[in-house]
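Peer 1: Use the sequences and the hints to build the structure in full.
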Amino acid sequence: MSGFGSVSEFAACDAAGQTWLTQFRKTVASAATTTGAWVDYSYFAGSPAANFYASSPYVAAEVEADKGIKLPSVSPATQHMRLLNVMTANTASTANSRQRLILCDYLLYYPFIDTDAVGEVQVMTNTVDDDAVPSIPRYTSGLVVAVGQSAASTTGIFTFTYTNQDGVGGRVSQASYTFVVAGGGQVAAASGTGASYNPFLPLQAGDSGVQSIESVTFTQAGGGLIALVIVKPLFHGYVTQECRTTSGVAFGAADEFQSIINHAGAPQIKDGAVLSFLGQGSQGSLASSQLVGVLQTVWN
Amino acid sequence: MGWTSQDDLINQLTTNGKGDVVTMTKTLNSAGTAGAWTLLSPHNGWPIASTFAGTDLTYVPTDDTWSQGTIYTGGDVSTATKHFLTAGGQVTAAAGAPWYIMAIDLVGYVPLTTTNVSTTGTKTVTMTAIGSSGSKGDRYPAGQGLRLFVASSVGAMGANAPTCIINYLDTAGGAGATTTFTSTASMGVGQLLNTGAAANKYNPFLPLAAGDTGVSDIVSLVWAGTAHASGSVIIGLCKPLWTLPLPATGLYSKMDLVNALPSLPQIKDGANIQFLLFQTGATTSAGTVNVDFHYGYGG
Chain F
1 MSGFGSVSEF AACDAAGQTW LTQFRKTVAS AATTTGAWVD YSYFAGSPAA
51 NFYASSPYVA AEVEADKGIK LPSVSPATQH MRLLNVMTAN TASTANSRQR
101 LILCDYLLYY PFIDTDAVGE VQVMTNTVDD DAVPSIPRYT SGLVVAVGQS
151 AASTTGIFTF TYTNQDGVGG RVSQASYTFV VAGGGQVAAA SGTGASYNPF
201 LPLQAGDSGV QSIESVTFTQ AGGGLIALVI VKPLFHGYVT QECRTTSGVA
251 FGAADEFQSI INHAGAPQIK DGAVLSFLGQ GSQGSLASSQ LVGVLQTVWN
Chain U
301 MGWTSQDDLI NQLTTNGKGD VVTMTKTLNS AGTAGAWTLL SPHNGWPIAS
351 TFAGTDLTYV PTDDTWSQGT IYTGGDVSTA TKHFLTAGGQ VTAAAGAPWY
401 IMAIDLVGYV PLTTTNVSTT GTKTVTMTAI GSSGSKGDRY PAGQGLRLFV
451 ASSVGAMGAN APTCIINYLD TAGGAGATTT FTSTASMGVG QLLNTGAAAN
501 KYNPFLPLAA GDTGVSDIVS LVWAGTAHAS GSVIIGLCKP LWTLPLPATG
551 LYSKMDLVNA LPSLPQIKDG ANIQFLLFQT GATTSAGTVN VDFHYGYGG
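Protein chains in written order, with this note's numbering: chain F, 1 to 300; chain U, 301 to 599.
Think of the hints as simulated: they come from the structure by calculation, not from any bench.
Heads up, the beta-carbon is just placed ideally off N, CA and C, and yes, glycines get one too.
A portion of the hints provided could be inaccurate.
To be verified - One side of the interface only, derived from the structure: several residues of chain F facing chain U at Cβ under 10 Å:
#1 PHE24
#2 SER47
#3 ASP66
#4 ALA95
#5 ARG100
#6 ILE157
#7 GLU256
#8 VAL294
As the list claims (entries may be wrong) - One-sided excerpt, in silico: chain F residues whose CB lies under 7 Å from chain U:
#9 GLN23
#10 GLN204
#11 ALA253
Peer 2: This is the structure in structure tokens:
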């Protein structure tokens, strides 16, 4: 049996060695980020190493395992988050680095989509087109993040077609806006007129997920490159205060989230998961700030 | 056994005196490495700095009578069990924040010096496998829950950054190997060579083979590539106990270990309690680290 039948089973994992504690440290690139917009921590340097979505343009690919937070594979048991503890530091400025975080399993991505190709249907390559191309791993569908792979100079508008959670192809997303970003790794999509920042792109009404993306069409140029990344959100958390010393005064806080106690259940992390965070700064730029944390899992 | 209720816990502490508080303070001998972890035991302070004596490539089991700087927690309490109740800590340093402090039970170590560090190849370890005898050396039966790290032991490492892998036996006696990591040149005393903020680093412990839940025997360490020019290291074998975040210099953090889940991490009879420090930036040399914890026992 996998999972946990009781609190005592959950607690007993530690003594049985059925636990893993890992720790991460990522540094946001020096390019300024937009207040309220999201960043993709997988793109930034540190431990684990940076993930630049560097593979063949338009071709579906999986993020390499070493770009995610390292966890063991435990099948036939199932692995669950026991606790997450996070802190952030911003030594480059006095801007506030408090932020919302979403822990995601990175599933599939489509790199180097040209936001200047107005009117051109940019066709993606999927496993149905080439059986050497991977299909979505671990889950039947996920949500889509538009990650900038370069700076972008202006506001673009695009839609994409996709196969939804039920395997129905030809679905058409709602229009999303790219916006001006100073560098790669910033989530470059919004709704409204381009200033309502969302981590995930809005889908056709009634859809809850995406299995694959078939094409992308820009109707207004955005002046940059993006990757569309299908992720599975696993956990929402936050950093309430950054850690730093200013004018001799030290302040900061750590934020810890314990499964069972702090929220219902314990999020499952599937074997082979490529884990990283999306972060949303709430005041000023996150440029050059550091996100550090401890993630502990248990399995049964 | 521990306690049967909150009332029992309070009674054992306040009526029967079955508990105490202990402290540790260390001054960092050298500047830290951003994104890396440091074993504090070889740094000066209280308890005394460890020198990791022993014969090269021979496993040295340690317990709460270790002469090189352990924290005494009242001795054996069996058939009762001893547990952490709270943990607190503080770092004062001009740079390096934020930090994590992790308490570990250092079950033992393998020292490697001179040519066992400055040459590549397989370095075979002599060790009697951890069993289930109930002795202090076997306090984690068959090595259940034990983790591995490699640390600079008594001085800074020399130049070069070889790759490294550790072969071990798992809790069932099956052969396993850690993920290969890339060392770092010139890391200071106590710093964990397998940690850092770069590719092929694993913080703070080396990943075990799929399905493994512990380590019963250290078989060998294999250096490859260009060997460190000099230095001495230990292979550390430990049980992680708790982790405490320290957000900024001078700020004291306190953690309640009674109401967490799972709660009350156990201090096994014979536990050699030591501490690892994670630093986001490079902690200033001569920075000070203070840790305290309360413990208690029932039965």
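Peer 1: Are the hints correct? Go through all of them and say.
Peer 2: Evaluated hints:
no., hint, verdict
1, PHE24, "holds, 7 Å"
2, SER47, "holds, 5 Å"
3, ASP66, "holds, 7 Å"
4, ALA95, "violated, 16 Å"
5, ARG100, "violated, 18 Å"
6, ILE157, "violated, 37 Å"
7, GLU256, "holds, 7 Å"
8, VAL294, "holds, 5 Å"
9, GLN23, "holds, 4 Å"
10, GLN204, "violated, 39 Å"
11, ALA253, "holds, 5 Å"
Against the hints set out earlier in the document, violations occur for numbers 4, 5, 6, 10.
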